[in-house]
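Let the hints inform the model, and build the full structure from the sequences given.
Just so you know, the protein sequences line up as chains A and B, in that order. Read left to right, the first sequence gives residues 0 to 141 (numbering that gives the first Met the number 0). Read left to right, the second sequence gives residues 0 to 94 (numbering that gives the first Met the number 0).
Quick list of in silico lysine-lysine cross-link-like pairs, DSS-like style, CA-CA up to 25 Å:
(1) Lys18(B) x Lys83(A)
(2) Lys83(A) x Lys108(A)
(3) Lys76(B) x Lys3(B)
(4) Lys18(B) x Lys125(A)
(5) Lys60(A) x Lys18(B)
(6) Lys120(A) x Lys108(A)
(7) Lys54(A) x Lys137(A)
(8) Lys74(A) x Lys54(A)
(9) Lys45(A) x Lys90(A)
(10) Lys76(B) x Lys125(A)
(11) Lys74(A) x Lys120(A)
(12) Lys18(B) x Lys74(A)
(13) Lys93(B) x Lys76(B)
(14) Lys137(A) x Lys18(B)
(15) Lys108(A) x Lys90(A)
(16) Lys60(A) x Lys125(A)
Simulated restraints on C-beta separations:
(17) Met87(B) x Pro47(A): 41 to 47 Å
(18) Glu126(A) x Glu72(B): 23 to 29 Å
(19) His7(A) x Val22(B): 57 to 63 Å
Residues from chain A that face chain B, not an exhaustive set, calculated with beta carbons under 10 Å:
(20) Ser82
(21) Lys83
(22) Tyr96
(23) Ile101
(24) Gly104
(25) Ala111
(26) Gln121
(27) Ala123
(28) Glu126
(29) Thr127
(30) Gly133
No lab work stands behind these hints, which were simulated from the structure alone. Predicted model, so just to flag it, every value in this text is computed and none were measured. Every residue gets a Cβ at the ideal spot worked out from N, C-alpha and C, and that includes glycine.
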Amino acid sequence: MKELWRCHVCNDVHLGSKAPGVCPTCGARNAFVLSDLDEALEIIGKQPALDDQAKVMAAWKRFSDQSATVRLTSKADEVELLSKGVVENLKGKGQRYCPCRITTGDPGKDLALICPCNFLKQPAYKETGECWCGLFVKRDEK
Amino acid sequence: MSEKRLIWFHGRECPHCRKLEPVVDQFESETGTKLERLEVWHNEANAQVMRSLADAIAPACGGDLGVPAFYNENTGKAICGGRIDLAMLLSWAKG
Numbered sequence: 000m001k002e003l004w005r006c007h008v009c010n011d012v013h014l015g016s017k018a019p020g021v022c023p024t025c026g027a028r029n030a031f032v033l034s035d036l037d038e039a040l041e042i043i044g045k046q047p048a049l050d051d052q053a054k055v056m057a058a059w060k061r062f063s064d065q066s067a068t069v070r071l072t073s074k075a076d077e078v079e080l081l082s083k084g085v086v087e088n089l090k091g092k093g094q095r096y097c098p099c100r101i102t103t104g105d106p107g108k109d110l111a112l113i114c115p116c117n118f119l120k121q122p123a124y125k126e127t128g129e130c131w132c133g134l135f136v137k138r139d140e141k
Numbered sequence: 000m001s002e003k004r005l006i007w008f009h010g011r012e013c014p015h016c017r018k019l020e021p022v023v024d025q026f027e028s029e030t031g032t033k034l035e036r037l038e039v040w041h042n043e044a045n046a047q048v049m050r051s052l053a054d055a056i057a058p059a060c061g062g063d064l065g066v067p068a069f070y071n072e073n074t075g076k077a078i079c080g081g082r083i084d085l086a087m088l089l090s091w092a093k094g
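This is the structure we're talking about:
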């Protein structure tokens, strides 16, 4: 079961089955203490929502830039179309679901459909070097 | 008894679906057979139809439901994914 953890040095918040050994923000070792949702929300405060296409595409670009294995497709029109779908799904279905999958109706299961999903484990990625919708591709793919 | 359909499940913002549209048009033109086009992200009833066929469609999509997906009510056969071409559609329709 995943739990909330707080770095007692810099108040970094982490959700996971165990505490990080090193705080990714301040570098403190063995600094995380068990937290809870109220405390975490107080620390996190109100974050800007990723609720328009520009913000979603910026988040994808940051994800792409930090990855050594995958990057955003170079097909800008497809990135644009997919970001539109993700934002529409956020408004209509409550999460930034992949527009090329389909929700099951089970909110727990559907967490796996939030873009970017864990596409590295999917057969489509293993066979084609692309995530299901073609948004993310292996770095050595066109 | 209603006529068996050839169904195309697609999503309005799915790039693969958009690219397949002219292929589907060509299929319909060459065979004279119309596909039932069901959009699944903006029409919950269509999504429910697709979910009801998950046992047939999900394996063709690599384990989870996805679009574009095609389901043949005559044969129960499904094909799925962004690499579908006209030859695959013709073969799927024949059974």
